[in-house]
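S.K.: Starting from the structure of chain S, add chain R where the hints point.
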Amino acid sequence: MADMITLSVFRYDPEQDDAPSMQAYEVPFTGPGMKLLDALNYIKWQLDGTLTYRRSCGEGVCGSDGLNINGVNGLACITPVAGLKQPIHVRPLPSMHVIRDLVVDMDHFFDQYRQIQPWLKTETPTPEHERLQTPEQRAELDGSYECILCGCCTTSCPSWWWNGDRFLGPAALLQANRWIVDSRDEAMGERLDQLEDSFRLYRCHQIMNCMEACPKELNPTAAINNIKRKLLARKS
Amino acid sequence: MNFAKEPGAAHGGFSDWYWQRLSAVALALLLPLPFFLLAAVYSGSIDQQGLLDIVDHFVSRLLHTILIVALMVHAYMGLKVIFEDYVHQTGWRVALIGAMLLVMSGFGIWWLAIIWAWGG
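As you go down the protein sequences, you meet chains S and R in turn.
When we follow the numbering used here, the leftmost residue of the first sequence carries the number 304, and every step to the right adds one.
When we follow the numbering used here, the leftmost residue of the second sequence carries the number 370, and every step to the right adds one.
Calculated from the structure, these hints are not laboratory results.
C-beta atoms are modelled at their ideal positions from N, C-alpha and C, and glycine is treated no differently.
Mixed in with the good hints, there may be bad ones.
[To be verified] Okay, the calculated bits of chain R under chain S, using three or more residues with CB under 8 Å as the criterion:
hint	stretch
1	381-391
2	451-457
[To be verified] Below 25 Å or equal to it, Euclidean Cα-Cα: the simulated SDA-like pairs (lysine to any residue) are:
hint	chain 1	residue 1	chain 2	residue 2
3	S	Lys538	R	Phe383
4	S	Lys531	R	Ala378
5	S	Lys531	R	Phe383
Chain S extracted, bound-state conformation:
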């Protein structure tokens, strides 16, 4: 690996720029453990303080730094610089309104998350202690609860690009399935009612970009298929 790595970073300030542009930077390579976020931090702190991006935990837990890296969505904080083709093209998440540089407007994404009502819904009286699950019932949530809502999957989905105003997208549907399979939740029928729609659910054409993009290696396509199977079972 060369001593210096080169990056081409998306820059856009809607209040000043007529159009976006790509800006080149050179950053010293600090070692095999260096992540893309380290390179962005170096640019921000040493080269150009105007570069704007989101970051928080730096450990792949908070989901703040979802970016399009060399054409593939991922988290900057857990993407090793070694192995990335140079110059490393860093762009904001696709199909999102850019607030500035690499920061995008996530409001609509979280609105769609709210639409699936991501909380436990019950009708039976609350038990004295807690609603218990068997280990098997708890295992049903594996592959869903780990989602950190970074938006990498949803913004990599062409169906969401074309119909994101109505198609809920992989992340929201993965979360919808998380509550459908939760043994403690008592609103499966209501949840399926809210999802049974040509656009909300059935815009998924199994392209599977979501699965490729997910930094937590989850499978939203499988979750969406599970919802479709639940609807099939309900109709059959």
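M.R.: Just chain R now, kept in the frame of chain S:
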């Protein structure tokens, strides 16, 4: 930013998904048959009278009918999905899907009339 275009669930979409898959299974089973028949004719295994006997048989006509209906249903569902994906103006989308439904229905009925020799 909040996109206000959220009309709620239409409680539909399942039937499209279901019929598209059911028709795909029917096509996978039935579509090879005419090609086998064609191959048999070209290889000389069946002469013209033999071909007519097969095509005229009631079971053949029934299978042919299922094939055409499955083909029309599958093509309609597939093109409908494309229109829904890419035509974002509701007026255009409804008009195009409606026109497609009419054309395909007409084509299907015409083909069925040939299969069953309606009108002699």
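S.K.: Are the hints correct? Go through all of them and say.
M.R.: The hints, checked one at a time:
no.: 1; hint: 381-391; verdict: holds (count 6)
no.: 2; hint: 451-457; verdict: holds (count 4)
no.: 3; hint: Lys538(S) x Phe383(R); verdict: holds, 9 Å
no.: 4; hint: Lys531(S) x Ala378(R); verdict: holds, 15 Å
no.: 5; hint: Lys531(S) x Phe383(R); verdict: holds, 8 Å
The structure is consistent with each of the numbered hints, conforming to all of them.
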